[in-house]
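Using the sequences plus the hints, can you model the full thing?
What follows is each chain in one-letter form.
Number of protein chains: 2
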Amino acid sequence: MSGEDDLIARYFVPLASDPGAFGLVDDAAILKGSSDDLVVTTDAIVEGVHFLPDDPPDTIAKKALRVNLSDLAAKGATPAGFVLTLALREADERWLAPFAQGLGEDATHFACPLLGGDTVSTPGPLMISVTAFGRVPAGRMVRRTGAAVGDTILVTGTIGDATLGLGLLRHGSPAGSPAAKKALIARYRVPQPRVGIAAAVRDHASAAMDVSDGLAGDLAKLCKASGVSAEIKLEQVPLSPAARVGLATKLTTIEALISGGDDYEVLCTVPESRLAAFVAAAKGQGVDATAIGVIRDGTAAPRFVAAGGRAISLTRGSYSHF
Amino acid sequence: MSGEDDLIARYFVPLASDPGAFGLVDDAAILKGSSDDLVVTTDAIVEGVHFLPDDPPDTIAKKALRVNLSDLAAKGATPAGFVLTLALREADERWLAPFAQGLGEDATHFACPLLGGDTVSTPGPLMISVTAFGRVPAGRMVRRTGAAVGDTILVTGTIGDATLGLGLLRHGSPAGSPAAKKALIARYRVPQPRVGIAAAVRDHASAAMDVSDGLAGDLAKLCKASGVSAEIKLEQVPLSPAARVGLATKLTTIEALISGGDDYEVLCTVPESRLAAFVAAAKGQGVDATAIGVIRDGTAAPRFVAAGGRAISLTRGSYSHF
Chain Z
21 MSGEDDLIAR YFVPLASDPG AFGLVDDAAI LKGSSDDLVV TTDAIVEGVH
71 FLPDDPPDTI AKKALRVNLS DLAAKGATPA GFVLTLALRE ADERWLAPFA
121 QGLGEDATHF ACPLLGGDTV STPGPLMISV TAFGRVPAGR MVRRTGAAVG
171 DTILVTGTIG DATLGLGLLR HGSPAGSPAA KKALIARYRV PQPRVGIAAA
221 VRDHASAAMD VSDGLAGDLA KLCKASGVSA EIKLEQVPLS PAARVGLATK
271 LTTIEALISG GDDYEVLCTV PESRLAAFVA AAKGQGVDAT AIGVIRDGTA
321 APRFVAAGGR AISLTRGSYS HF
Chain W
21 MSGEDDLIAR YFVPLASDPG AFGLVDDAAI LKGSSDDLVV TTDAIVEGVH
71 FLPDDPPDTI AKKALRVNLS DLAAKGATPA GFVLTLALRE ADERWLAPFA
121 QGLGEDATHF ACPLLGGDTV STPGPLMISV TAFGRVPAGR MVRRTGAAVG
171 DTILVTGTIG DATLGLGLLR HGSPAGSPAA KKALIARYRV PQPRVGIAAA
221 VRDHASAAMD VSDGLAGDLA KLCKASGVSA EIKLEQVPLS PAARVGLATK
271 LTTIEALISG GDDYEVLCTV PESRLAAFVA AAKGQGVDAT AIGVIRDGTA
321 APRFVAAGGR AISLTRGSYS HF
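Chains Z and W, in that order, are what the protein sequence lines are.
Yeah, the first sequence ends on 342 if you go by this note's numbering, and it's all consecutive.
Yeah, the second sequence ends on 342 if you go by this note's numbering, and it's all consecutive.
Hints in this document: simulated from the structure, not taken from any laboratory.
All values derive from a computational prediction rather than experimental measurement.
Hints are not guaranteed to be accurate.
Treat identical chains as interchangeable: a pair holds within one or across any two.
The calculated EDC-like cross-link candidates involving lysine to aspartate or glutamate, where the alpha carbons are at most 20 Å apart (straight line), are [stated by the list, open to error]: (1) 270 - 308; (2) 244 - 25; (3) 303 - 125; (4) 202 - 223; (5) 201 - 112; (6) 244 - 26; (7) 244 - 255; (8) 244 - 24; (9) 270 - 38.
Here's what the structure looks like:
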C-alpha cells in the first residue's frame, strides 16, 4: 500500500460512511437518482488567504466544509454529501489526525457525508477544495436573481465578527476581554453555516446568497443579479456585543465590519407578505434573521445610510483574489 | 466589478452554456434530478507534479478535465458536467485566455459543460481541481470490485507513452524522430479519455478503472478490491511503435512502461462470454481493447510474465504522492 493509499485508509475511510462512497476504494462515488434537483457548489480555502498557517487543523477542516454548507443553506438546499481535494506538503500525522477528526465531526453533525476526493502533494501552501452537494425539490433552488422592489433585506446572525477575529489573529489588540477575543477568533476560524434555515429560505425568500466576501459587496452582487438597487440602514445591521465595543472604542469602523469577509451568514430578500413567517421559521431553528433594509428600484449601487440619514461610501466593497 | 469577477466573466462564463450553470452568476449550479445515478469523481493536477510549468495552458486545461473524464468512462458513465477550482498566482491574460479556450473546446467536444467553480490566489504552484459528474442507469456504475477468476484482463490504447513523453520533457533524448517525440509528449500533456466506450464497459465489464498511476500498480489495486490475483503476459501489453523502438534500443524497459503513470487508458476485466462483444463494441467506437492476461484465484500480487515464461519483479508499482 502506498503512502497515499495508507493516508486515505487511515484518516478518511472512517468518514466515508455513506454507501455511495464505496468506502473510498473506488474511483468515483454515487449520488442516488431522485426527482430532486442536485445543487452543486464548490469553494476552496488556501493557507495564508482563508486560514492562517497555525490555525488548528480541526478548525481548518471545519471551515473548508462549512463555507460550502453555507452556500447550500443560502440556496435552500439540504446537504447530501461532499468531495474533498487536499493539497499537502507532507503527510504529517500530527496535522492529519485532528484535520480528519474535525472533518468527521462536521460531516456527522451536518449529515453531509464524505463521498470521495483526491490527495495531492504540493510544495506550496495547503489548499482544501470542497465540492458539496445538496438537494432541493425540482426547480426550487433559491437564486440571487429574484429580489423585487419593496422586498425586505435580511441577514442572519451578526456581521463583522470574523473580520475582527482575523484582525486579532494578525495584529492582536491591547483592548477587549479574553473571552470576547476568543469568540471573535472562533467566528473567523469556524463559521456557523445556517443549514437549519434552508427550508425557510426556500419557502419564503425571493433571492438569497451567503455573505462570504463582505456584506456590502455581496449585497451589491445580489442587487446586480436581480437588476435592482437597495438601501441599508446601518444602525439595523446586527452586531455582536464585541463588535459594538470595537465600534464604541474606535478600534473598528462600520465600513470595516460590512466590508470584511468570512461572515458566512445568509443574506436574503423576502416579500412583505412572507416576512413574519420567514423570521418566525428562522427563529424556530434558533437563528435570528434581522431586517436591515429594503430593495429599491434602479441599478445604482446599494446605499448604506447612517443614523443621521447620511450615506457612507465604501472604498473597498468586497474581497477579491485578484 | 472585482478582478476576480471580471476574470470569471471574461474567460469562464462563455463556457457555462448549460442552463444549470446559471451563467456562473449564482453561488451554485443545478444538476437536474433523474432516475439515473450520478457518478462523482474528483482529480486535481498540480504544477510540477502532474504538469510542467511551461506546458501550454490549453493542454493543462484539457488534462485537468480529461483525467476526470477518464474516470467517468471507466465507471461506465456518460459525462454530465464539471466544476473547477483554479488556484493561480496571478490573473495573467496570456495564460488564462488559452487555458479557457482549451477548456471550452474540450467541454464542447466531450459534451461536459462547466457548471461552476472557484478561483483563488496562491503564492504556490498552480493547481486545477476538477469534480466531474456523469450519469449511469441506477445501480449500473462499474466498480473495481467485480473481477472474477477466469475473466480476461484488457486495456485500451497503448501503455507507457505518457511516461516516455514526460521523460523527454524532463531529460530530452538524442535518439528518436521529432514526430515520434512529439507524439509521446502529446500523450503526456493531453490524455485521450475513452469516453466513447462507457456503454461498452457498462454492458460487458465485470470490473474497471482507469490507468493513471501505472498499469502494474493500478491492476494491483483492482485485484485487491476484487479479492483476486492476476497473470499478465508482458508481450501482449499494447505498445506504440515509439515505445517499441525505445525498448529495442534500451532507452526504456518494460518495467518502466508498466509502472509509469498518466496513461489514462481503461483497464477492465470481462467474462469469457462477453469478450468478443466488448472488443467489438470498443472497436465500434474507434478504440482498440487488447487482452493482456487473466484473473487468477488468490490474493498474491499480480504476476507479470515475460515471453520466456519468467516473471519480472517491479521495484516501484505505482505513483504515490507521499
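Here is how each hint holds up against the structure:
Within a single copy, residue 270 and residue 308 get their C-alpha atoms no closer than 26 Å, and across copies no closer than 72 Å, so neither meets the 20 Å cut-off. Taking the shortest alpha-carbon separations for residue 244 and residue 25, only the inter-copy value of 12 Å comes in at or below 20 Å, while the best intra-copy value is 46 Å. Proximity of residue 303 to residue 125 under the C-alpha cut-off of 20 Å is found in neither arrangement, the shortest distances being 25 Å within a copy and 48 Å between copies. Taking identical chains as interchangeable, the C-alpha atoms of residue 202 and residue 223 are never at most 20 Å apart, the minima being 36 Å within one chain and 58 Å between chains.
Taking CA atoms no more than 20 Å apart as the test, residue 201 paired with residue 112 passes in neither setting, with 30 Å inside one copy and 39 Å between copies. Proximity of residue 244 to residue 26 under the C-alpha cut-off of 20 Å is restricted to the inter-copy arrangement: shortest distance 14 Å between copies versus 48 Å within a copy. Taking the shortest alpha-carbon separations for residue 244 and residue 255, neither the intra-copy value of 24 Å nor the inter-copy value of 63 Å comes in at or below 20 Å. Taking identical chains as interchangeable, the C-alpha atoms of residue 244 and residue 24 lie at most 20 Å apart only when they sit on different chains, with a minimum of 16 Å there against 45 Å within one chain.
Taking identical chains as interchangeable, the C-alpha atoms of residue 270 and residue 38 are never at most 20 Å apart, the minima being 50 Å within one chain and 49 Å between chains.
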